[in-house]
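Asks: Throw the hints in and build the complete structure from the sequences for me.
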Amino acid sequence: MNGAAPTSFDTWLSARADGEAGAGLDWLEAQRRSALDQVREQGVPGTKQEAWRYTSLKRLIEQGFARVEDEVTALQLHDIDELLIPELDSHRVVMVNGRYTPSLSALGDLPRGVRITGLRALLASDPDALRERLNGVAGESQPLFAALNTAGLDDGLVVLLDRGAILERPIELIHLSVGMDEPRVAQPRHLVSLADGAQATLIERYVSLGESLYCTNSVLELSLGRDAVLKHDRIQVESPNAFHITGLYLSQDANSRYVGVNIGLGAAWARTDLVTRFSGEHAECDLQGLYLAGDRQLMDYHIDVDHAVPSCSSRETFKGILYGKGRAVFDGRVVVAKDAQKTDAAMSNKNLMLSENAEIDTKPQLEINADDVKCSHGTTVGQIEPEKLFYLRSRGISAPLARRMLCLGFAEEIIEALHSDALREAVSEEVGRRLETAPLT
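Residue numbers for the sequence shown follow our numbering, beginning at 1 and rising by one.
Note that these hints are calculated values from the structure, not bench results.
You can take every hint at face value.
Dumping the calculated SDA-like pairs for lysine to any residue here, alpha-carbon to alpha-carbon at most 25 Å:
1. K363 <-> E284
2. K350 <-> Y54
3. K350 <-> E430
4. K48 <-> D37
5. K58 <-> R327
6. K342 <-> A308
7. K325 <-> R59
8. K350 <-> T380
9. K325 <-> Y54
10. K325 <-> P386
11. K231 <-> E284
Source: prediction; values computed, not measured.
Replies: See the structure below:
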């Protein structure tokens, strides 16, 4: 890797020499150099920068994460049995510490027009298939962690659906992190491209074995052609000592439809950036999210929706449950361009505080430059209503169980939006389990 990155991130980008994914590809090397220049120019953002106003990077930088160097090859399928959802019938792709692991994956038969493979393998066998797609949605100018991912990308998932291709079973992408001797960072890069009229369901699950210290810095580029439909569930239940960063970039052509559900339950420090751009009229984007933040946890969400063309609709509905000394940030922004008439946009963030020491910074914003639109935004922060708690207690239900029932009722709207019965059940159980032990002070 040429040039000098800021000292704090040097180890994230340490050279892998001959083992670099796509080594020797001029266009990829140019992208890496450009990304490295951006990392150097941006430096380490401080809390005076609006995007990092409520979230300090000090805790992340102190860990001294180094780049993952070695593949984990010893794992067998029985080693990850506890992490699988048996009732979930899917085309399963498993990545271990950021590397695609075919021996744990089960793609099965894929219909004509569907290609699912690893990024590293495709860079070796058919790099031209990626030339226009890498950074095609994220763009050349990227924020710090997306630029770090581009500069240090190693492997990831690639899903390509041809025009009109329909994938009936969901693609399940399991990001598995296993403990290493030193704190390590993995930077998977995923590309999902649906051509005109294609349809698919993608389930991302970030999980870990043990409670080791590590960092995941992933970037996902989603491209939907005309009339394409993507249902996308994303579940993060990483180690309580993990650091989790995600940049999700979505581009939608005319009449396309995206329905995404984000569930954030794990990690000590988690940052999620969701960026949506409409490039064709009558496209629909529905984003929903649920986060739990307990002691030592930070959940930081940034939503950026750009209505650049007319007659598109977007919905962002996020709910948070905070307890103990948990912290969360919701920073949502919808921009309606001057010519984007007939835009229909609504953003909502609701938070349930279970303790006096929990903290939320919430800031939904609308920037409207057109005059014939229907837009709204709102936020709430509250506690469990005493009347409802009293009602349940009066029927012999213990206080902890009553609080758990009311919290699950609050979260139910988002959990029910997941696109699989098996996933809904698994997430509901996990949320309930975490609430059982949630401190209320």
